[in-house]
Amino acid sequence: MGLFEPLNILFGLSLAVLVAVYLFAGRQPKLTVPSLMLFDQIATQINKRRFRSDLFFWLEAATLSALSLAAAGLYLKLAPTQTHPRRWALIFDAGAAMGAREGSVERIALAKRQALAIVGGARAGDQFSVISYAVEAHDVLALTSDRLAVARAIESVRVDDTASRAAAFTAALSMAREADQIEVFAARLPPSAALAARAASAPVRFDRVGSQQDNLAIAALDPGRPLSEPGYCAVRSFAAHSVDCEVEIDLDGRPVERGRVTVAPYSQAVVSFGPLPAAGLLRAAILTDDALAADNVRYAYAASFSHRRVLILSAEPAVSDDLARIINAIGPGAAIRTADPTRPGSSDVRSEPVLGATPYDLLVTYDMPAMHVPAAAILEIFPRSGSTFDVQGTAASSELDAVAGRGPLLAPVALGRARVLSVAEWMTATASGIAAPPLRSISLAALGRDGRGRVGVIAFDVSGHLLFDPDRLDALTLTIDMLKKLLAPVGIRIVATGARVSVPVRAPARLTAPDRSVMTLSPDREHRVSFRPLLTGHYLIESEGVVENVFANYFDASESNLTVAAQPTREWPHSHTQSVVADSERVRPLSAFLVGLALLAFLGETVLLAARPRRSNLAGN
Amino acid sequence: MVEERAFEAAFLGRLDRLILAVKHVRAARAGQRTLGRVQGPGLELENFKPYVQGDDLRFLDWNVLGRLDELMIRTHRSERKVEISIVLDASASMTLPVDDDKAGLALALAAAAAYIGMSENDAVRLVAFSQSSGRLAFSASMFHHRRESYPELRPFIKSLRFHGETALDAGVAELLSQRRVRGVIVLVSDFLVSPAQYERALSRLLAAGYEVKVVHVMGESEHSGAFPFGAYRVYDSETKEMRELRLDRRVLSAYRQRVERLVSQVKEFCHKNAIAYVPAFGAASFETIVMQEFPRLGLVR
Chain R
1 MGLFEPLNIL FGLSLAVLVA VYLFAGRQPK LTVPSLMLFD QIATQINKRR
51 FRSDLFFWLE AATLSALSLA AAGLYLKLAP TQTHPRRWAL IFDAGAAMGA
101 REGSVERIAL AKRQALAIVG GARAGDQFSV ISYAVEAHDV LALTSDRLAV
151 ARAIESVRVD DTASRAAAFT AALSMAREAD QIEVFAARLP PSAALAARAA
201 SAPVRFDRVG SQQDNLAIAA LDPGRPLSEP GYCAVRSFAA HSVDCEVEID
251 LDGRPVERGR VTVAPYSQAV VSFGPLPAAG LLRAAILTDD ALAADNVRYA
301 YAASFSHRRV LILSAEPAVS DDLARIINAI GPGAAIRTAD PTRPGSSDVR
351 SEPVLGATPY DLLVTYDMPA MHVPAAAILE IFPRSGSTFD VQGTAASSEL
401 DAVAGRGPLL APVALGRARV LSVAEWMTAT ASGIAAPPLR SISLAALGRD
451 GRGRVGVIAF DVSGHLLFDP DRLDALTLTI DMLKKLLAPV GIRIVATGAR
501 VSVPVRAPAR LTAPDRSVMT LSPDREHRVS FRPLLTGHYL IESEGVVENV
551 FANYFDASES NLTVAAQPTR EWPHSHTQSV VADSERVRPL SAFLVGLALL
601 AFLGETVLLA ARPRRSNLAG N
Chain A
1001 MVEERAFEAA FLGRLDRLIL AVKHVRAARA GQRTLGRVQG PGLELENFKP
1051 YVQGDDLRFL DWNVLGRLDE LMIRTHRSER KVEISIVLDA SASMTLPVDD
1101 DKAGLALALA AAAAYIGMSE NDAVRLVAFS QSSGRLAFSA SMFHHRRESY
1151 PELRPFIKSL RFHGETALDA GVAELLSQRR VRGVIVLVSD FLVSPAQYER
1201 ALSRLLAAGY EVKVVHVMGE SEHSGAFPFG AYRVYDSETK EMRELRLDRR
1251 VLSAYRQRVE RLVSQVKEFC HKNAIAYVPA FGAASFETIV MQEFPRLGLV
1301 R
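So the sequences go chain by chain: R and A. With the first letter of the first sequence counted as 1, position 455 gets the number 455 in my numbering; the numbers rise by one all the way through. With the first letter of the second sequence counted as 1, position 26 gets the number 1026 in my numbering; the numbers rise by one all the way through.
Hints were generated in silico from the structure; no laboratory data involved. Positions of the beta carbon are idealized from the N, C-alpha and C atoms, including for glycine. Hints are supplied without guarantee of correctness; some may be wrong.
Stated by the list, open to error - Reference excerpt, derived from the structure (chain A facing chain R, CB under 7 Å, subset only):
hint, residue
1, A1207
2, E1241
3, Y1255
To be verified - In silico SDA-like pairs for lysine to any residue, Cα to Cα no more than 25 Å straight-line:
hint, chain 1, residue 1, chain 2, residue 2
4, R, K30, A, F1059
5, R, K30, A, Q1257
6, R, K30, A, G1230
7, A, K1049, A, F1059
Please build the complete structure, drawing on both the sequences and the hints.
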């Protein structure tokens, strides 16, 4: 009832004004006499009542009351009819925080208990749907009155080692649009939850799960550089008191560091180690028991470039020099060779015994057709016709507009010349922009894997020290990202949970998850299998001749902070208009009736006023 | 305003033939001799008249008898000293009802009485008093002896403000405390106080040896009870007390009876105590009151 909202109170005050008007009109006129002693023994019967109400007053009061109540949205709440089954939507937060332990059980188990209690207390015939959300919203079970299926669906809800996204929560509410009542089970809700809940098609009730818990998490793991630079591991505390924590770091299973560190409340401590003796997979783990286990392990790969060999082929020495400096910065110690195959008298790099003995780790070509040099990875920059790609022409100027993973740039970066080429199906465009003339949208960078290995392409011209132009740093970062991916170790990836991972395969792949569950993935049109790692740990993808190890890390500063909402429950009633549509059998608005009543009262007063002079005339005659 | 008429030359001309009636006059002391217009014992020769039987033979002019052989009596101007205080009730009730111009009538009557007093060369002053918040507001003009100084009373009359409550007791007490010589006091009031109060005040004046004359002022509508019918919140102009009354024929009839009782009470008290009592009800009859009622009721002669 909105009677107590400020505007509605103002409407209601119109009644007080009406009473005040009648009170004022009822006052007797003032008469001042020389002395009241001349009226001493005079007793008169006078009506002491100031407020004299008549039929007009009551008609006017009825009009104002009816209009005020209609403006306030008065409605009649009727008992729901037994014949209409109620539809419930049970929405579970499946983010990592719901996996936190509350004593001996996890929060998700508590949430399931609450949900099962609601299901058990519902009337016969009521229908339930089960929805979970974390990175995405999942419709676990559509509306059904089968209580057994509902219980099974509730039990099947699993927690992901990812943070819950606000968009997923909104999507979950959208999935529950057919419900009459939405129950949300979560430790806390996204900041925009109230807004989304008010826009929902049914009343939303938030059921808080769990209580405040302390937690430790590995926020970062930097392997340093093998044999040269030490690494560090950052441990973050989400506790209101100091916590002693034991951290273990190992490299390919061999212990590197194990030590204790005391972390101050809501702060971060750093454990240094190394330099590491060799390259390999680095794993850091918190051994101290805490509420949430998902953020207690973190993986990193310590790469070594000391035996890596890179060949740069370019007709322009300046370009070769720029690329060599960038590669040297990415992989210090790598053997980098530059050559100009178009130069008269220069030896054919393919015929050199030293080069042909073992393939290069990376071949970089600039402004030339494909060179058949054996290499584990190839990067073609500003490629010419006859290369791996179908080059359709050269644009006089181009602009870098968007980079994969970063989205549209705040301002386009002018890049100069660029090759207009069609990217092969097995490649993924990593940057796009506009070329002119003629004005058209083109891919400026792409990455993929074919039979030769990893292949990358950068379509714009990097001559004239473009990569070191401080106004075009986006071009430099794009190139560095591309080189890092091409130089990354084969068969191993470190990703964040929730990120999409694609692996090029030729045949169906077998995916083994950290929880030892196995599933088969079918390759798509571009001969890739994709999946989203939702658990922390090691994913193994095996296909014909392809073995890919994916290590998923989880850390989210807001999700790992295991605070809970202040209120144990909270309700957002849906808006009046929606309630009329969705719940017409329970709520009956009285606005139309009240307006009708006001009109009747108004007409009644008009009739009385019109009849009054006629009566007096008749009486006069 | 009626009080303006008290300064009109034509009206004052008609007042010239009036003399304030004073029963007990006091001979002037040496050096303070004041000659009155009236004939009487005195040293100042005024005129001669033929002897008639009964004249005092002490005033027979023997020289005329010797020379002309006629009996002629010498007449003299009286020598007397009378202080006249015209005391005005300056309470708020004197201003109501506004249409009646009761205050104007009171001022005009007081001024006329002062003029009549001055015509006999007596010392005349105007006194006004009221009481507001328990404090007495008492103001008095200078004594004026001659008609020529009559206009000098005008600023005093103009400056008078009617407010507060009627305070006959306190006003009389203040008057007596000034220890003036006994004289004549003309009290102009509406007497809208308890009978005990005005009786006490008048009795004190009489006891102090003053010759008291009363002019009872009322408005025309106030006296006749001509109030419009209806229900009113009726306020007392002096006490600010409020009563809710429905004025109708019955109530106004009772009001008029109450007024008559008040008038008769004041009149009866005055008669009992040999005080000249003049009712002055209505500003419209101002001249009639002065020219006819004043002489008729013994205020002047």
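Task: 25 Å Cα cutoff - pair K30 (chain R), Q1257 (chain A) - done: Judged against 25 Å, a Cα distance of about 23 Å means the pair holds.
TODO: Tell me if Y1255 (chain A) is really an interface residue toward chain R, meaning its C-beta lies closer than 7 Å to one of theirs.
DONE: Since chain R brings a Cβ to about 6 Å from Y1255 (chain A), closer than 7 Å, the hint holds.
Open item on the list: Need the status of pair K30 (chain R), G1230 (chain A): alpha-carbon distance at most 25 Å?
Closed with: Status holds; Cα separation ~11 Å.
TODO: Assess, step by step, whether the Cα of K1049 (chain A) is no farther than 25 Å from the Cα of F1059 (chain A), and give holds or violated.
DONE: Given that 25 Å is the threshold and the Cα spacing comes to 10 Å, the pair holds.
Task: Status of the hint placing E1241 (chain A) at chain R (closest C-beta pair under 7 Å) - done: holds, 6 Å
Open item on the list: Hint check: K30 (chain R) vs F1059 (chain A), CA-CA at most 25 Å. Holds or violated?
Closed with: violated, 69 Å
Task: Hinted contact A1207 (chain A) with chain R - closest CB pair below 7 Å - done: Check failed: Cβ of A1207 (chain A) comes no nearer than 26 Å to chain R, outside 7 Å.
The structure is inconsistent with the numbered hints 1, 4, although it conforms to all the rest.
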